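Asks: Sequence order for the protein chains is G and R. Counting from 1, position 43 in the first sequence corresponds to residue 43 in the working numbering; the numbering is continuous, with no gaps. Counting from 1, position 21 in the second sequence corresponds to residue 21 in the working numbering; the numbering is continuous, with no gaps.
Hints are computed from structural coordinates only; laboratory data are not their basis. No experiment lies behind these values; they were computed from the predicted model shown. Using N, Cα and C, we set each Cβ at its ideal position, and we do this for glycine too. Please note that the accuracy of each hint is not assured.
Stated by the list, open to error - Away from chain G, derived, C-beta distances all over 12 Å, residues of chain R: (1) H10; (2) S27; (3) S48; (4) N52; (5) D62; (6) I102.
Unchecked claim - Result set (DSS-like, lysine-lysine): computed pairs, CA atoms no more than 27 Å apart in a straight line: (7) G:K68 / R:K83; (8) R:K78 / G:K100; (9) R:K78 / G:K71; (10) R:K57 / G:K56; (11) R:K78 / G:K54; (12) G:K68 / R:K78; (13) G:K71 / R:K57; (14) G:K5 / R:K78; (15) G:K71 / R:K83; (16) R:K42 / G:K68.
Claimed, not checked - Partial chain G-side listing against chain R, Cβ under 10 Å, derived: (17) N7; (18) L11; (19) G16; (20) R17; (21) I20; (22) S49; (23) F65; (24) A70; (25) P79; (26) A91; (27) I102; (28) P105.
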Amino acid sequence: DQQVKQNSPSLSVQEGRISILNCDYTNSMFDYFLWYKKYPAEGPTFLISISSIKDKNEDGRFTVFLNKSAKHLSLHIVPSQPGDSAVYFCAASMKTSYDKVIFGPGTSLSVIP
Amino acid sequence: EPEVTQTPSHQVTQMGQEVILRCVPISNHLYFYWYRQILGQKVEFLVSFYNNEISEKSEIFDDQFSVERPDGSNFTLKIRSTKLEDSAMYFCAGQWISGNTIYFGEGSWLTVV
Chain G
1 DQQVKQNSPS
11 LSVQEGRISI
21 LNCDYTNSMF
31 DYFLWYKKYP
41 AEGPTFLISI
51 SSIKDKNEDG
61 RFTVFLNKSA
71 KHLSLHIVPS
81 QPGDSAVYFC
91 AASMKTSYDK
101 VIFGPGTSLS
111 VIP
Chain R
1 EPEVTQTPSH
11 QVTQMGQEVI
21 LRCVPISNHL
31 YFYWYRQILG
41 QKVEFLVSFY
51 NNEISEKSEI
61 FDDQFSVERP
71 DGSNFTLKIR
81 STKLEDSAMY
91 FCAGQWISGN
101 TIYFGEGSWL
111 TVV
């Protein structure tokens, strides 16, 4: 039962262009969403988060959009840089279970110079 | 910036042996987690720990697994009798008392042979 889905296992983008990573979730109880970035052989690094009371959160080159009715969120990276090449995990949690964050399977982003 | 540190970074062990993975969370984190990632698969929740007891665990976290925080600083994951399928990267993580952002360590790569 995949509660957090990332249907694109990989994505290639030219340097300078926009990268859009998508995430869908099934559990309407989720109210907090996070994006993590992971390089090989390293732990996931927190990037940006959004609460369900908002529909957009921005931090530098990273913007997360949340569409609650569609149970969909996306991460935009503008402009994309080669150092952004990594696996990006979407994750979600809910107020009733702050103890656990559910991860999606990840999308591998390659930014081509 | 404070970090979650994990030891060892890599351990090779024979099937059936006991393994202890150690983590030093960020001080004044109160919630602690173990996650794992089998090669090529997604990051999976194992267990959460708060106030010196397990608060939630996944179906993966069976009787061969245990966690403890013996001295108020180190947080350990013990695998009593390792199996080949326990080979994975194990991530320790911590969380502040409020807020949902979880901060991960670099991971401990366990290879069971």
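Asks: Take the hints in turn and mark each one as holding or not.
Replies: Hint check:
The Cβ of R:H10 does not lie farther than 12 Å from every Cβ of chain G; its closest approach is about 9 Å, which violates its non-interface assignment. Every C-beta of chain G lies more than 12 Å from that of R:S27, the closest at about 18 Å, which supports listing it as non-interface. For R:S48, the non-interface assignment is contradicted: its Cβ lies about 4 Å from the closest Cβ of chain G, within the 12 Å cut-off. Remark: the non-interface label on R:N52 is consistent with the geometry, its nearest Cβ contact in chain G lying 14 Å away (cut-off 12 Å).
Listed as outside the interface, R:D62 is consistent with that label: its C-beta sits roughly 17 Å from the nearest C-beta of chain G, beyond the 12 Å cut-off. Against the 12 Å criterion, R:I102 falls within the reach of chain G, whose nearest CB is about 6 Å from its own CB. Distance check on the hinted pair: G:K68 and R:K83 sit about 41 Å apart at the alpha-carbon level, beyond 27 Å; violated. A threshold of 27 Å between alpha carbons decides the hint, and for R:K78 with G:K100 the separation of about 20 Å falls inside it, so the pair holds.
Among the hinted pairs, R:K78 with G:K71 is inconsistent with the structure: their alpha-carbon atoms are about 37 Å apart, more than 27 Å. A C-alpha spacing of about 32 Å is found between R:K57 and G:K56, which places the hinted pair above 27 Å, so the restraint is violated. Our distance criterion of 27 Å between C-alpha atoms is broken by R:K78 and G:K54, whose separation comes to about 40 Å. Proposed proximity of G:K68 and R:K78 is contradicted: the alpha carbons are some 39 Å apart, above 27 Å.
Between G:K71 and R:K57 the alpha-carbon distance is near 26 Å, which keeps this suggested pair within the 27 Å criterion. Simply put, G:K5 and R:K78 have alpha-carbon atoms about 30 Å apart, too far for the 27 Å limit, and the pair is violated. With a CA separation close to 38 Å, the supplied pair G:K71 and R:K83 exceeds the 27 Å bound. Under the criterion of a C-alpha separation no larger than 27 Å, the hint pairing R:K42 with G:K68 is consistent with the structure, at around 24 Å.
Restraint check, G:N7 versus chain R: the minimum CB separation of about 13 Å is more than 10 Å; hint violated. At about 16 Å, the closest approach between the beta carbon of G:L11 and any beta carbon in chain R exceeds 10 Å, and the interface hint on this residue is violated. Taking 10 Å as the C-beta cut-off, the interface hint given for G:G16 is violated, the closest approach to chain R being about 28 Å. Because the smallest distance between the Cβ of G:R17 and any Cβ of chain R comes to about 27 Å, over 10 Å, the interface hint for this residue is violated.
Look at G:I20: its Cβ only gets to about 20 Å from chain R, farther than 10 Å, so that hint breaks. With a least beta-carbon distance of about 6 Å to chain R, the hint placing G:S49 at the interface is held under the 10 Å criterion. The beta carbon of G:F65 comes no nearer than 18 Å to any beta carbon in chain R, farther than 10 Å, and the hint placing it at the interface is violated. Taking 10 Å as the C-beta cut-off, the interface hint given for G:A70 is violated, the closest approach to chain R being about 22 Å.
Checking G:P79 against chain R: minimum C-beta separation of about 25 Å lies over 10 Å; hint violated. Taking 10 Å as the C-beta contact cut-off toward chain R, the hint placing G:A91 at the interface holds, the least distance being around 8 Å. Hint status for G:I102: holds, given a least beta-carbon distance of 7 Å to chain R, under 10 Å. Look at G:P105: its Cβ gets to within about 4 Å of chain R, closer than 10 Å, so that hint holds up.
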